[in-house]
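With the hints as constraints, model all of the structure from the sequences given.
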Amino acid sequence: MAKRGFSRLSGARLQVLLAAALLAAALAAPVTAGEAAEAAPPGRVVSLVPAITETLFALGLGPRVVGVSSYCDYPPEARSLPKVGTFSEPVAEAIVTLHPDLVLTSPSPGNETSVRAVERSGIRVAVVQSEGGLGESRAAMLAVADAVGEHEAGLRLVGAIDARIAAVGARAAALAHPVAAVVVGREPLVLAGPASYLGELLVLAGGRNVADPVGGRWPQVGIEFLVAAAPQVLVDLSIAMGDSPRAGIDAPSSWASLSSLPAVASGRVVTDRASLMLRPGPRLGDAAEALFEALHPQSPAGTGAQAPKAAQ
Amino acid sequence: MATRLTARRFAAGLAATAAAALLAIVAGLALGSVPVDFAAVLAGDPGARTIFVDLRLPRVLLAAIVGAALAVSGAALQPTLRNPLASPEIIGVSGGAAIAAVLGLAFLPAGALASGLVPVVAFAGATASSLLVFQLAHVRGRLDPYTQVLVGVTFNTFAAALILLVHALVDLRRSHSIVFWMMGGIAIEPYPVVALAALLVGAATAVLLREARSLDLLALGDEQARALGADADAVRRRVFLASSMLVGAVVSLCGIITFVGLVVPHVLRRLLGSDNRLLLPASFFGGAAFLVACDAIARWVAAPAELPVGAITALAGAPFFIHLLRRGREARGGLL
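Sequence lines, in order, name chains Y and P.
If you read the first sequence in our numbering, its first letter stands for residue 56, the second for the next number, and so on.
If you read the second sequence in our numbering, its first letter stands for residue 781, the second for the next number, and so on.
Since the hints were derived computationally from the structure, they do not count as laboratory data.
There is no bait here: all hints are sound.
To spell it out: a stretch of chain P is covered by chain Y in this simulated footprint if at least three of its residues, at any positions, have a beta carbon under 8 angstroms from a beta carbon of chain Y; those stretches are:
1) 809–817
2) 820–830
3) 834–845
4) 1073–1085
Computed from a predicted model, the values in this text were never measured in an experiment.
Even glycine gets a Cβ: it sits at the ideal position worked out from N, Cα and C.
The structure is reproduced here in structure tokens:
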């Protein structure tokens, strides 16, 4: 009897754990389309994933997007489109009401039942796998292009992004390689690992990732690990990820209390352009340039840094 | 456990649990997600000092305070409520703290969250809910133990429902921090906060220790206890209010940490007997030892990752709890 109130709280805790897992999944980049075969061009498309929405617009299909998730905020035109819930909790009725002939999403335990219900109602659904590396991000953009019958445009888009990333790599090669960390969550402390697109971009942009010895995509580490690794540059994306942790040393503004971190002591904690870096889509070239600027503030900034519409 | 509590057994029990706490603290300071070079700490190396002085030491101290508070309040609540399942979480205080914290996490401006306001809000919620449960648990002017348990459990269930509701309504950013708060864990707080927690926990523990003799008498039944000079109702009020303060202080800082308050008193009752004059201070030290050890394991076992301490306490606690239930069926009187 006494345990009942307790197990209710535990239920809530499980729910929240699930939500945290979904958050991690949302971070990850899409990979292969379920039905990658080139299909007839759809007239009305709904996207449940911010990076997929960006890809559709970058492919020039913006006018055909009729519904997006509530997290799809780029490009600005996407903000005024009807919202159909979130990536992890899409609302089937809201999707069906828009009469799409294609729904694009990534797998998530939270959206499976809704997505299946949409599929049963006769709407074509393309599930673009979620993974996390640069290669997977590329594959996801190509899969989206194939799903909307824009194979060639997809190749051009990915080619343009690759060219910009390669240019960043070429500039960085000759420069010093500072030790750096990309923080994607503060509580718990989660870093961009070597197998994530951010980990790959960090190295390409001329950084030595403190998370390399840990491995993986999004390794969780203790704060002591970060202090011991002594990064010279700290890219903190956790505020854009929405962490507003308990208190004290974990508060977003309180890197200052870790003054023994070289990055903190020399004022090289970078928090701007975080939402850009958290989108493994057409703006990956911009993300690479943003990381380059964070790592090499003295060096001339990336050229043409603000063009999202890479290939059209 | 009819064995009489002699001065010798009292001293031995207290010394053993205090030694366990000390040992756990040393282990907790030695283990972590990275090895610390203690020579470098003493030599003043800034990185090593930050890890040891700013991060590890306050966390170990807070774990000791939290474990001690939860275990001593569980030890006092079990005989007070005449319920072997009584633990600090069931008196409703943690539910109140959780509601307040979650509402704060959901609706406070980001700046207020960053400034560490959530524990303050949670403590206010704990205080308000303990006063509410205190009022609701009165039957004909007396604090009724059965009503108290039922009101506390019901209140926690209500709190959990409200939390689910708030969690469903806020955006992803806020819901993430709510999730994290609900998981519970030993926070790294600045030293003044650790000192404040120690002060609150010390004061409330002193109140409980003074009731130890009366709690023994309560086992004889309310009438018998009164004949021997213990006003059962007054004892229950004092234990309830002191426990509320303990739980409020702990939950506001670290969220809900399970099993410590339930399991530690039961283990010690089996090892040391049920005399509350020994059991309460032994639970204080034993709880500190258990939680510091669990937190050290959580920080070290998957290094450099840190596991949630709740996972470790429950992994250790749940099988024991089942075992206790099975044993309790055979030797019922032994539980309290």
